[in-house]
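Fit chain B to the known structure of chain A by using the hints.
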Amino acid sequence: MSGPSQDSVLEGLTGELRRGSLVIAVLCGLQEERSGGALKVRLAESGVSITEGALYPMLRRLEAQGLLQSQWRMHDSRKKRFYLLTPDGQRARDFLLSDWRTFDTAFEGLKS
Amino acid sequence: MNGKELYLRRVSHWLPRSIRADVIEELDAAIEDYLTSDREAVEPDQLYAELRRDFGHPAVAATRFVDGRPVVSAGLAHAYWRTLAIACVAVLLIQSALLVAGSGSTGLAVGHIVEGVLRILGHMFMAVGVVTMVFAFIDGGWRTVCRVLGMAR
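Protein chains in written order, with the working numbering: chain A, 1 to 112; chain B, 1 to 153.
The following block holds chain A by itself, in its conformation from the complex:
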């Protein structure tokens, strides 16, 4: 019986891992107020790639959860939406980062 190829298995696992970690990256990237486009650039500079199709719905969801706040403003003669972490968002980011580090330490321990 032939199962799924190793590439597709890895692709699926990477996708699962990325879904959760992208939220942490977005929360970390919004310590300073940024528009969606500026956030995407900031994430890319740090080596985190995310498509627009994933970024904007995530921003909206995080805002609905009270972790972000947004404001429409004119910038470069265009109307743009700027996002910033709320105090709840900062707590969520710190909690998730701490959880992430705990896992990271655990993985290192398990590997050795």
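It should be emphasised that the hints constitute simulated quantities derived from the structure, not laboratory data. Some clues are possibly wrong.
For the chain A half of the interface with chain B, some residues (derived, Cβ under 8 Å), not all of them [as the list claims (entries may be wrong)]:
#, residue
1, Arg34
2, Ser35
3, Gly37
4, Glu52
5, Arg60
6, Arg61
7, Lys79
8, Lys80
9, Arg91
10, Ala106
11, Gly109
Restraint-style ranges between C-beta atoms, simulated for each label pair [stated by the list, open to error]:
#, chain 1, residue 1, chain 2, residue 2, range
12, B, Ile94, A, Asp99, 46 to 56 Å
13, B, Thr63, A, Leu10, 19 to 29 Å
14, A, Arg18, B, Leu98, 46 to 56 Å
15, B, Leu92, A, Val41, 53 to 63 Å
16, A, Glu32, B, Arg82, 45 to 55 Å
17, A, Ser5, B, Leu121, 14 to 24 Å
18, A, Leu10, B, Leu92, 34 to 44 Å
19, B, Ile94, A, Glu63, 50 to 60 Å
20, B, Asp22, A, Asp88, 40 to 50 Å
Selected chain A positions facing chain B (Cβ under 10 Å, derived; list incomplete) [unchecked claim]:
#, residue
21, Gly20
22, Val23
23, Ala25
24, Ala38
25, Lys40
26, Gly47
27, Thr51
28, Leu55
29, Tyr56
30, Ser70
31, Trp72
32, Asp76
33, Arg78
All figures in this text were calculated on a predicted structure; none of them were measured in a lab. Backbone N, C-alpha and C define an ideal beta-carbon position, used for all residues, glycine too.
Structure of chain B alone, referenced to chain A:
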């Protein structure tokens, strides 16, 4: 209509009315940001294809903005498919038996067979609908009970 307008119009078609204007305004600004970012210029007629690639197919892009939940969640998926298979096989067997029994001594005429097959398909659709509704109800009810009991779901 340019590529951006066409894309926004198609996304808009899939969005619920309650959030449509807000999401389209957000996407419009996001696409403008995208167009002025450091990227290679494309022909206007290629823009739609590019937006579809980076923002997703209009139906998918719209769905990502809607916080919907599946009709049957992953926790019940296996039981759902199993029940569905059993229901469909039961319908097929019962209706086939009725078809053969109903043919009597005259045998199975073509018209009779066509009528029987259509009846089987109709009953199968009904079975799929009923099983799905029951599981959606069980799933929703289960979530409600968990919420009332304060269990994380």
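Here's how the hints hold up against the structure:
1. Arg34: Violated: closest Cβ of chain B sits about 11 Å from Arg34/A, beyond 8 Å.
2. Ser35: Hint on Ser35/A: holds, closest Cβ of chain B at ~6 Å, below 8 Å.
3. Gly37: holds (3 Å)
4. Glu52: holds (5 Å)
5. Arg60: Holds - the Cβ of Arg60/A comes within 8 Å of chain B, reaching about 6 Å at its closest.
6. Arg61: Holds: closest Cβ of chain B sits about 7 Å from Arg61/A, inside 8 Å.
7. Lys79: holds (6 Å)
8. Lys80: holds (6 Å)
9. Arg91: The hint is violated - Arg91/A has no Cβ within 8 Å of chain B, the shortest such distance being about 18 Å.
10. Ala106: For Ala106/A, the interface hint is violated, since the closest Cβ of chain B sits about 22 Å away, which is over 8 Å.
11. Gly109: Interface hint status for Gly109/A: violated (27 Å vs cutoff 8 Å).
12. Ile94/B with Asp99/A: 46 to 56 Å: This hint holds: roughly 53 Å between Cβ atoms.
13. Thr63/B with Leu10/A: 19 to 29 Å: holds (26 Å)
14. Arg18/A with Leu98/B: 46 to 56 Å: holds (53 Å)
15. Leu92/B with Val41/A: 53 to 63 Å: holds (57 Å)
16. Glu32/A with Arg82/B: 45 to 55 Å: holds (51 Å)
17. Ser5/A with Leu121/B: 14 to 24 Å: Hint violated: Cβ distance 36 Å, outside 14 to 24 Å.
18. Leu10/A with Leu92/B: 34 to 44 Å: At roughly 40 Å between Cβ atoms, Leu92/B and Leu10/A fall inside 34 to 44 Å, so the hint holds.
19. Ile94/B with Glu63/A: 50 to 60 Å: Given range 50 to 60 Å: holds, Cβ gap about 52 Å.
20. Asp22/B with Asp88/A: 40 to 50 Å: violated (22 Å)
21. Gly20: violated (16 Å)
22. Val23: The hint is violated - Val23/A has no Cβ within 10 Å of chain B, the shortest such distance being about 14 Å.
23. Ala25: Violated, because the Cβ-Cβ distance from Ala25/A to chain B comes to roughly 18 Å (cut-off 10 Å).
24. Ala38: At about 8 Å, which falls below the 10 Å cut-off, the nearest Cβ of chain B leaves the hint on Ala38/A intact, so it holds.
25. Lys40: holds (8 Å)
26. Gly47: violated (17 Å)
27. Thr51: The hint holds - Thr51/A has a Cβ within 10 Å of chain B, the shortest such distance being about 6 Å.
28. Leu55: holds (8 Å)
29. Tyr56: The hint holds - Tyr56/A has a Cβ within 10 Å of chain B, the shortest such distance being about 5 Å.
30. Ser70: Constraint on Ser70/A satisfied, holds at 9 Å.
31. Trp72: Since the shortest Cβ distance to chain B is 8 Å, the answer is holds.
32. Asp76: holds (8 Å)
33. Arg78: holds (6 Å)
Against the hints set out earlier in the document, violations occur for numbers 1, 9, 10, 11, 17, 20, 21, 22, 23 and 26.
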